[in-house]
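K.L.:
In case you want the letters, here they are:
There are 2 protein chains.
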Amino acid sequence: MAKSIAGPEIERLIQLLAKLPGLGPRSARRAALHLVKRREQLLRPLGAAMAEAAEEVKVCSHCGNIDTRDPCTICTDAGRDRSTVIVVEDVSDLWALERAKALNASYHVLGGVLSPLEGIGPEDLTIRRLVERVAEGGISEIIIAVNATVEGQTTAHYIIDQLDGFDLKITRLAHGVPVGGELDYLDEGTLSAAMRSRTKI
Amino acid sequence: MAKSIAGPEIERLIQLLAKLPGLGPRSARRAALHLVKRREQLLRPLGAAMAEAAEEVKVCSHCGNIDTRDPCTICTDAGRDRSTVIVVEDVSDLWALERAKALNASYHVLGGVLSPLEGIGPEDLTIRRLVERVAEGGISEIIIAVNATVEGQTTAHYIIDQLDGFDLKITRLAHGVPVGGELDYLDEGTLSAAMRSRTKI
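Chain order of the listed sequences is A and B. Here the first sequence is numbered in the UniProt record's numbering, starting from 1 and rising by one per residue. Here the second sequence is numbered in the UniProt record's numbering, starting from 1 and rising by one per residue.
Where chains are identical, the list cannot tell them apart; a pair therefore holds if satisfied intra-copy or between any two copies.
In silico EDC-like pairs for lysine to aspartate or glutamate, Cα to Cα no more than 16 angstroms straight-line:
1) K37 / D90
2) K19 / E40
3) K58 / D90
4) K58 / D70
5) K58 / E9
Honestly, the hints are just simulated from the structure, not real lab data.
Let the sequences and hints guide you as you build the complete structure.
P.N.:
And the structure:
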């Protein structure tokens, strides 16, 4: 019956909106209605922004970031410290670190993690390009900021192996208690890591 | 710093996505990234669907529904009972009733409720058009399905006044316990309404 509520153009809009993360079938309907009621203020500009992004978006050939330029905004930013490269799994991790204003460094986006079960090997990631970047010189520290999962750690070890022989400082993010977090809710692994890495006040 | 993560096209996409209901600034970023990673499967089709909807969407001159045709899909549906008209505040209410498969009737979308505080008077709603539809004949029942708020009830009374003199059955949705609802969580008004309208098992 849902099919017959509105014309096929609106139904198609709803179906596509429902594929966005954070929107289900019901909230996609609400979003579609919100859009069609704001035709000139939102629907048309958003459609145009999507068409433009679809035309312009590219993967940075230098670091693997997604941007509308290649090299990307970060790689071409003169104010960045290029001697430090933060290695992340995904662009979303890069964005998260940027939001946190964690470090004014460069990045390298792997495009995933090694996962034999899912058939993802080193050649599916940008590890070779990372080694090339290091070989080109000018990089003194690699911060491996992959997720603290089994696959993430396997990937980290593989990268460390590949970078063996270069004169580099290789670091990883600290484990510990999240800021604002309650000890009672933390897993034992994190707690004992936080205890081992305790710092002087 | 957020400004410098990606190119202006992606930033604009994020800003516009954040205006959708259900998406905040953070989930808009996630949605944007999801889109740009699925350029051909999602970003481009969704942009095109929005452009097309923006071109095609119209308000039904008969019932006030939003559709890509005028008269709308429901008004032109030969299988609908046109002698019964469900009066709703908003298109979202029409969609909700359609999802519920509540009744295979026609609709009339008011476009809001009377609200002197917000300066919304009868001329801002489609009440006059509703009276015209009734005067045109063929309608035997008007179901007033406005929200059970003060403004909704004021609007209902105003409509009933305007329809005085026509040979019509005017009804409203029943008040009662929501299906699956727990009595303990219900307000007193709903509970006593449900008690007054109790039905024989």
